[in-house]
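Q: If you want the building blocks of each chain, they are given just below.
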Amino acid sequence: MHERSLAMPATLMTLAAFTEMVDRHQHALSTFLRDLVSDAEQAYDLMQDTFQEAWRASRAGVDPFIAECSDDQRRRWLFQAAYHRGISALRRRKLIRWESLDLLHEMAAKPGKDADSFEEQVVEREALRAALARLTPQDAACLLLRVAHDFSAAEVGQIMGVSPTVVNKRLSRAKQRLRAVYLAHNAEEVG
Amino acid sequence: MGHQHRTPQLKPGAQCFSFAEVWPVLNEPTTDTDLTAEARAHLASCTYCQGQLADYERLDLKIHRYLGPSGPPRYRTEDIMKDLLESASEQPAVPPTAPLVSAAIPLRPGRARRFLSGLAALAAVLVISVLAATIFTQVAPHRSTPSASSPTATLEKGSQWFLWDIAMVSPSEGWAVGEASPPDAQGGDLTRALLMHYQHGTWSSVVLPIQGRLKSISMISATDGWAVGQTNGVGALLLHYDGQSWKQVFGPTPADTARVQMLSATDGWAVGDDSILHYDGHAWQNQPLPASLGAGTTHSVSLLGLSMLSSAEGWVVGFIMPILSPTPGTTDNGSATTLPDGIILHYTGGQWTVQQMLHHVTLNSVAMLSASDGWIAGRTEALTPADGQQTVSLSPLLLHYAGGQWVEVSQPLAGTSGELQQVVLLSPTDGWITAGGNLLLHYNGTAWSKVTLPKAASTHGYALPALSMLSAHEGWAAGSLFSDADQGIPNPTGGYQPTITPILLHYLNGAWSIYGG
Chain A
864 MHERSLAMPA TLMTLAAFTE MVDRHQHALS TFLRDLVSDA EQAYDLMQDT FQEAWRASRA
924 GVDPFIAECS DDQRRRWLFQ AAYHRGISAL RRRKLIRWES LDLLHEMAAK PGKDADSFEE
984 QVVEREALRA ALARLTPQDA ACLLLRVAHD FSAAEVGQIM GVSPTVVNKR LSRAKQRLRA
1044 VYLAHNAEEV G
Chain B
500 MGHQHRTPQL KPGAQCFSFA EVWPVLNEPT TDTDLTAEAR AHLASCTYCQ GQLADYERLD
560 LKIHRYLGPS GPPRYRTEDI MKDLLESASE QPAVPPTAPL VSAAIPLRPG RARRFLSGLA
620 ALAAVLVISV LAATIFTQVA PHRSTPSASS PTATLEKGSQ WFLWDIAMVS PSEGWAVGEA
680 SPPDAQGGDL TRALLMHYQH GTWSSVVLPI QGRLKSISMI SATDGWAVGQ TNGVGALLLH
740 YDGQSWKQVF GPTPADTARV QMLSATDGWA VGDDSILHYD GHAWQNQPLP ASLGAGTTHS
800 VSLLGLSMLS SAEGWVVGFI MPILSPTPGT TDNGSATTLP DGIILHYTGG QWTVQQMLHH
860 VTLNSVAMLS ASDGWIAGRT EALTPADGQQ TVSLSPLLLH YAGGQWVEVS QPLAGTSGEL
920 QQVVLLSPTD GWITAGGNLL LHYNGTAWSK VTLPKAASTH GYALPALSML SAHEGWAAGS
980 LFSDADQGIP NPTGGYQPTI TPILLHYLNG AWSIYGG
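Chains as they are written, first to last, in the working numbering: chain A, 864 to 1054; chain B, 500 to 1016.
Same shape as in the complex, but just chain B (with noise of 0.2 Å):
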């Protein structure tokens, strides 16, 4: 290898080409020992092999001399601690060294007196108390019993609080997920995981000290559940709720996972980035991919929904991408754009396999009311040239199971900009999908027809990506509501950051009605 003599190459017999992917591990413990011992009898009469062997040991040295921690340090230990501190001592509205807030929700910038008042409000100062004392004193214990804060503190302008989920155990308590950012956050370090808990019919806010996002919440019962997300490159983010306090669980685990669904206390499952994991009762492992996707080596798949009928049946959906790479001798640097392909996976007998795969789609949740009716809900993707440049036009897309394929079918929103996110059924004649700003979709057993919901107070209106039907009576959405530009800060380049809150929205009896409007 390199510039040393060699012999000449042999051609290699017809057993070699048997062994070429063993000699690179040959010596890694976790090769398997009857090839490790077939390959080594094979090689003890090969020279073509040995010479490949010898090339992979030559390898190995100079990568680890080359390519290894080798020779004095590029930087200095103390100009790193000097950045470090000085970043850490920066640390602006939601530091995790601080007290967190523990709020009722303000739910538009300045408004939040309008639901308390007297007595009423005194109560809510009590249950903030106690639940912040519950809560926050069990995730960080090295605080001080926080002060609650007046239930009527609002957000600094420029805040951004969003809730990616929902999930009500009754209607008399439920949790919501998220995330929420200072003002001028940038780069996501300074994001933190937000949890929202409904109880005697407040909901009340609490800030983790934990950098990150909360994407989804499955709750077993009132005392058990979990919630996961991201953090910001670290790994993710997973959260058990024991009926007491919420516990950061650690596993080997990968970046981003999107979503979560609890069967029971010992039996789980979430899904994310090149990912899908099980959860057994002791720890979260890894379940291997249908090795068609290519997953972390010719594509990037990312998984968005779950649907579980059984611990021996369930559906997940996503979207999948190729990696792109330079093509050799062109002028092709491989960053043209690319449209998502939309995977189904389809669980039975134990693994997982690709049922369908759809051109140009991005799938984002599924439901399914039995083995053979389901619904999924997501949008097409094109690329349309505007002003010199590819942009991508998004429609919203639905899908029904039937007959043992997944088909799209007509709604309301077909051909409108956009898409449908979040797909709930509670019967084959009841079912709900958000699709973005303040409307859903409803479907009686025949149709699916629009439900126009309240106007908040600004122009820019809210996003609901989440929902949770108790009954086909009761229910509960959850999102963010996007100010004005007199609520928000101006941006340096123009424009300006509007100030995003969390926004509920309460389903009773026929009528959805903005919670504390």
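With the rest of the complex left out, here is chain A (with noise of 0.2 Å):
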């Protein structure tokens, strides 16, 4: 935990900086905030009120947006921020969690493709998070940002706010849930 006195001075980002960070993890930003929210168009709203914030603190001088601080640190609180909208989101939605069962229906029923094709690639893609959304949204999260976007176990913990041991846990159950429901949808070829 860093405690930042507001007396001390700090150097602002530029406006060229923080656009050059917004470039930097904008992408990854929104991909992680489309798999967990379950919804392109409000995975973009939540993004953009994650960069306001990250500029309104830019503007105050705020730690981590000073030319001081690094950018793994700016990533995290970006992810961080973003974990916690997304959260909040999925609660004032009541929690209530669509899964397109009839995709992964599909999914089951086509025959073998080259895994590197476009169609199939989509179909993966979707798969994934069709089975993605049968997990709890934290679990989700954690699953997301340790295997898809490469947060190291210590760095989960502190953007979701929990200790290792809970990453650890959650971690497991995301996989075995996520395993379980894509393997229940697809369709195998025994040789």
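There's no promise every hint is true.
[To be verified] Chain A stretches covered by chain B per the calculated footprint, using a threshold of three residues with CB under 8 Å from any CB of chain B: (1) 882-888; (2) 983-990; (3) 1001-1011.
[To be verified] Covered, in the sense of this in silico footprint (three residues per stretch, anywhere, with C-beta under 8 Å from a C-beta of chain B), are these stretches of chain A: (4) 917-926; (5) 1025-1031.
What the hints contain is simulated information worked out from the structure, not anything from laboratory work. Computed from a prediction, not measured in an experiment: that's the story for all the values here. Glycine included, every Cβ here is placed at the ideal spot set by N, Cα and C.
With the hints as a guide, dock the two chains, each given alone in a separate frame, to form the complex.
A: Following this line, the structure appears as structure tokens:
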């Protein structure tokens, strides 16, 4: 935990530096939010809200949006802010989780294809997202942060505000459930 | 996995099940090293578990490939920045980049002149200037010294300033906390944390350049205290006062923090959504919740009230709601209205346990007089059909702890609509509860009775969620006053949005009066 005395001087980020930061992280942030809230439009709004908050922080000279802080610190802040916004948005939706069961069934019926084809990529991605929607938001977020976005276990704990032990448990549970749902809807070819 | 060729699955052996939870996290640094070693030893001779592990490894690759940020970005950075800068330029009444308004409370919009005149006004301006210079420049060092507003400055119509908690340090000093939103604030992004300070007979306010709301305050002394709340999706808001200024503290905290209680400068507790936090003098740390609550997994837990008897014992109350999911194979999309269940947690022996759960209630606050005597204020909730839909009806609820059990007890508002909010006990024969509107309950050691408070100028009155009693003879209540239509702004869809202003009531020698009234 660090405490920033708001009386200490700090070097504000320039607009160019802030824009560069947005450019570096916006794709990952929108992807994370899209997978968390299962709604592309809402994900964009949440991403925009996150960057707006970061902008206000940068104008107020608040860590980590000052020149003295690292990009890693900003990335963690952005994902932490995005995570909490996503969870709050899901709570306001009364935690209704929609899933495309039809899509999973279609996936199971398709004959084997080259996994690198564009069609297969789209189907795979949507199948994983549909399976992800069966997890609790916190478990889904833990899985996305650790596996899809390569945060360390310690960083995931900081972002989600939980201990490393809780991260470990959530990750195990999320993968077990995801695997069960994913496998249940995938046809197997037995040689 | 997927459409790849696989060998037929062998059946698991008896030992395989004990490692089922390990394979997904076998290579995680946080997995127990002894367990990892044991699992690897088993893996060497078990083709079933080798298949399990291979499945997880393939799943990891797929997640990384298809759910990571692959391919070109969906949005252009220039479009994001354009939207961002346009929104930033539209910041209205309470912008974080402008000097913040520091003013004596405009108790009633347009009528603030009534309580200040002549030399008193000049003195108030000086007090406010000093206060603003002390607090405000610490909070926003890049601003120029703010000019003190006129002490008669009023809120813009449609503004909404709420007070959520109050803590009196002494008869001559205290703090109240809440939130301030400009007219037409939507989504909470324009809401700012609000601090009010009582000193030398005058309340003054400062809106902080921090997005969010302060929900609770606990003062250890005149020079040490904490205020907590929430920011709009970013995380908990933690502010520390060191006698000179309020500083924002960052830590591993959840989204909403509702209540804080400091036992000393090095021992404090805070509670909120899915969380209990403890402060040890250095940092706020998450504390484990009872696993049976399923916090964040099967249930969302909202903790609202806190009463610590000592560093070794305390009580927390709130409510719990199930996390809804669609029911597979049915048309149930999990959207049915559900009611919360009240939870009572007890801290003893270094851990929190569930003491009691109550069906369809929300528990707002708890006050313990001793380890065997305490009170909980809250409400019962019931679904009632109305116009073809289901609505939730609320009724005040009071619980008393005696003989190791929390039981519902009678109180004057039983059967009415509403709730009991904040309970404060000074002694076994003196207690108060806020009940919404201009009403309090008072306990004399035998029974609770209604205390009607002075009426406000508006027909809609006020709400008082906060109470701080200095003694049996003096205390303060804080909340929000709702204006009539002529002091509000019209709603596009009909009706009006009231102007909501802070209101404070002072209790002295048996009588309540509205501050500035």
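Q: Indicate, hint by hint, whether the structure satisfies it.
A: Structure-based check of each hint:
1. 882-888: holds (count 3)
2. 983-990: holds (count 3)
3. 1001-1011: holds (count 6)
4. 917-926: Holds: 7 residues of the stretch 917-926 of chain A have a Cβ under 8 Å from chain B.
5. 1025-1031: holds (count 6)
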